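Using the sequences and the accompanying hints, generate a full structural model.
For the record, the sequence lines run as chains P and S.
For the first sequence, UniProt numbering assigns the number 1 to the initial residue and increments by one for each residue that follows.
For the second sequence, UniProt numbering assigns the number 1 to the initial residue and increments by one for each residue that follows.
Keep in mind that the hints were calculated from the coordinates and are not lab data.
Mixed in with the good hints, there may be bad ones.
Note that the list lumps identical chains together, so a pair holds whenever it fits in one copy or between two copies.
[Said to hold, decoys possible] Lysine to aspartate or glutamate pairs mimicking EDC-like chemistry, simulated, CA-CA at most 16 Å apart:
no.	residue 1	residue 2
1	Lys72	Glu110
2	Lys72	Asp145
3	Lys72	Asp225
4	Lys72	Glu253
Values in this document were obtained by computation on a predicted structure and should not be read as measured data.
There are 2 protein chains.
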Amino acid sequence: MTDLDFENWTCPVPLRDTPAVVMGHGGGGAMSGELVQHLFLPAYGPIELTDSAVLPVGAGRIAFSTDSYVVKPMFFPGGSIGDLAVNGTVNDLAMSGATPLYLSVAFILEEGTLLTEVGRIAKALGAAAAAAGVRLVTGDTKVVDNGSGDGVYLNTSGIGTVPDGVTIAPTRAAAGDAILISGDIGVHGVAVLSVRQGLEFETTVRSDTAPLAGLVSAMLATGADVHVLRDPTRGGVAASLNEIARTAQVGIEVTERSLPIPAEVADACSLLGLDPLQVANEGKLLAFVPAAQADEVLAAMRAHPAGAGAHRIGTCVPAHPGMVVARTALGGTRVINMPIGEQLPRIC
Amino acid sequence: MTDLDFENWTCPVPLRDTPAVVMGHGGGGAMSGELVQHLFLPAYGPIELTDSAVLPVGAGRIAFSTDSYVVKPMFFPGGSIGDLAVNGTVNDLAMSGATPLYLSVAFILEEGTLLTEVGRIAKALGAAAAAAGVRLVTGDTKVVDNGSGDGVYLNTSGIGTVPDGVTIAPTRAAAGDAILISGDIGVHGVAVLSVRQGLEFETTVRSDTAPLAGLVSAMLATGADVHVLRDPTRGGVAASLNEIARTAQVGIEVTERSLPIPAEVADACSLLGLDPLQVANEGKLLAFVPAAQADEVLAAMRAHPAGAGAHRIGTCVPAHPGMVVARTALGGTRVINMPIGEQLPRIC
Numbered sequence: 001m002t003d004l005d006f007e008n009w010t011c012p013v014p015l016r017d018t019p020a021v022v023m024g025h026g027g028g029g030a031m032s033g034e035l036v037q038h039l040f041l042p043a044y045g046p047i048e049l050t051d052s053a054v055l056p057v058g059a060g061r062i063a064f065s066t067d068s069y070v071v072k073p074m075f076f077p078g079g080s081i082g083d084l085a086v087n088g089t090v091n092d093l094a095m096s097g098a099t100p101l102y103l104s105v106a107f108i109l110e111e112g113t114l115l116t117e118v119g120r121i122a123k124a125l126g127a128a129a130a131a132a133g134v135r136l137v138t139g140d141t142k143v144v145d146n147g148s149g150d151g152v153y154l155n156t157s158g159i160g161t162v163p164d165g166v167t168i169a170p171t172r173a174a175a176g177d178a179i180l181i182s183g184d185i186g187v188h189g190v191a192v193l194s195v196r197q198g199l200e201f202e203t204t205v206r207s208d209t210a211p212l213a214g215l216v217s218a219m220l221a222t223g224a225d226v227h228v229l230r231d232p233t234r235g236g237v238a239a240s241l242n243e244i245a246r247t248a249q250v251g252i253e254v255t256e257r258s259l260p261i262p263a264e265v266a267d268a269c270s271l272l273g274l275d276p277l278q279v280a281n282e283g284k285l286l287a288f289v290p291a292a293q294a295d296e297v298l299a300a301m302r303a304h305p306a307g308a309g310a311h312r313i314g315t316c317v318p319a320h321p322g323m324v325v326a327r328t329a330l331g332g333t334r335v336i337n338m339p340i341g342e343q344l345p346r347i348c
Numbered sequence: 001m002t003d004l005d006f007e008n009w010t011c012p013v014p015l016r017d018t019p020a021v022v023m024g025h026g027g028g029g030a031m032s033g034e035l036v037q038h039l040f041l042p043a044y045g046p047i048e049l050t051d052s053a054v055l056p057v058g059a060g061r062i063a064f065s066t067d068s069y070v071v072k073p074m075f076f077p078g079g080s081i082g083d084l085a086v087n088g089t090v091n092d093l094a095m096s097g098a099t100p101l102y103l104s105v106a107f108i109l110e111e112g113t114l115l116t117e118v119g120r121i122a123k124a125l126g127a128a129a130a131a132a133g134v135r136l137v138t139g140d141t142k143v144v145d146n147g148s149g150d151g152v153y154l155n156t157s158g159i160g161t162v163p164d165g166v167t168i169a170p171t172r173a174a175a176g177d178a179i180l181i182s183g184d185i186g187v188h189g190v191a192v193l194s195v196r197q198g199l200e201f202e203t204t205v206r207s208d209t210a211p212l213a214g215l216v217s218a219m220l221a222t223g224a225d226v227h228v229l230r231d232p233t234r235g236g237v238a239a240s241l242n243e244i245a246r247t248a249q250v251g252i253e254v255t256e257r258s259l260p261i262p263a264e265v266a267d268a269c270s271l272l273g274l275d276p277l278q279v280a281n282e283g284k285l286l287a288f289v290p291a292a293q294a295d296e297v298l299a300a301m302r303a304h305p306a307g308a309g310a311h312r313i314g315t316c317v318p319a320h321p322g323m324v325v326a327r328t329a330l331g332g333t334r335v336i337n338m339p340i341g342e343q344l345p346r347i348c
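Structure (structure tokens):
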């Protein structure tokens, strides 16, 4: 889905001649039905949605995840709240080693939101689901009065199946693990912020929103014993590394120089007083693997489009358990703290 | 959970001395973690929540459902948005014949909402989940700026397992089916409206919010071939019956006199110009069963606390496919239309 498609997409039918969401669209009656029939379903593609979808699964373990999305603005360079809602939940599933299968999608619409905007978001959702290989199977739409929302809020929940023998969890991080990242960091946050603040860069920074399940499959196909996977979204790389260090009670040491921060991201962050390590990513993952298997996993990552920029950024160490430390270019160290509050509100 | 508990419940810890939600609670950093650790988890009870929960399921079919909740006000006689969010999704699963197992819970908090209110809602969620026999397994919290929300919006998604041989779907409604209802109608909508409009009745009308999975189990245990189950929430009995009639292309005939509308509901509706058949219920179900098995199913319903007030209200007929008709006390008929928009916004 390109930006051009968003621009040109219009509602397939004039829904009772209203160009905008009205309270009646949330009533569970005829208008609700029309919204699903004439807007959501055509936008999603050829699918069926039911209140409660009945789905086949194999015996074994499933992964189950949920996220709400409140990103502002709803459209930004490289994506929209629709893509984000699919990729974010697909990625949460993938981070537990699961193959994502099914998604639910629930809209909270603010009265007065243009139906063309709702439609573009729904179309982005459908396209992202197709790209990620997941099926939208159940949905819900609520409408809140003008001034009690902000355009469109989304929730997606997802179900995947976890292959036998796969156990990926933050508790498994261990001294000696190599820490890998799949590519450049800070891109999503800066892309959203650039439109929000009206910043101009020499080249447009586009969100990295992307599904990561394929990359994870490729990594697991090496047979390596992947200990931890994490997509560093809200709170960025700093929050993810700190959470893992605390949960597993290991020390983490990263090499500052090895952190792949694009120049535009570094510039924007220094302009705005942000720490790029705390900026959200929406298409990157951190992986903790035994050092002996790191090269093999890195090679598999680099061979996949979503991991072309993969790097090793650090190591788990027995020293300073629960703490994340960066080794600077001059050979010194500094602590990377857990972010406290919110430097970039409503980034996802 | 009684109203008294709501009133007396306070936050377990003063979270950084702020009595209200701030943007930082949504940042994915330390403050987000504190909210989960010190507020959500103690409120929910002894559970574990992860970004992506890995769960055992048997082979076979699962049911998957989602709903967002935006009810206003968040607390009303007989319940709160917390109970509603559990029971609503549990009931969607039960309506496909599934045994509900797991729930996700996602909050969208408006900046400035009192943490004690968030805590009371979380406590109601935990208590309702325990009462319904489902586990809260994964969650998410987002914060939106003041004026872009309205206190607390919730989403719950749910997973259940569908027993072999059970196929319950609106397409299965067939001429000859008896139509049963599990009890009084219109209660939830009038309960919410009474606080919203400051209405006073002789007796307080309390929401009927309740989980229905136990009732459904008892009905299925009779061995009857239950064709359709539906909980008449938004749009009420009128919307549910019309949807089923259209989907299955059968005619539906209900006996007006047999509709169990309590006097308080009838009074409130006539005062406010509402049709009680369009008012939301949150603890009732409609069942379509072969006429020959109706008595047996009704007996099982009446023997269960959630179905004590069960009645037969109508029949599926070959005439007027797709249309719902009421037979009046005088022997005439009137059409029960699909509600168009929204007579009671934000009722669930």
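Now for the hints, and whether the structure bears them out:
Taking the closest pair of Cα atoms, lysine 72 and glutamate 110 come within 16 Å of each other both inside a single copy (14 Å) and across two copies (15 Å). For the homomeric pair lysine 72 and aspartate 145, the shortest alpha-carbon distance between copies (11 Å) is at most 16 Å, but the shortest distance inside one copy (19 Å) is not. Taking CA atoms no more than 16 Å apart as the test, lysine 72 paired with aspartate 225 passes in neither setting, with 38 Å inside one copy and 49 Å between copies. In this assembly of identical chains, the alpha carbons of lysine 72 and glutamate 253 never lie at most 16 Å apart, being 34 Å within a copy and 49 Å across copies at closest.
When the structure is compared with the earlier hints, violations turn up for hints 3, 4 and for no others.
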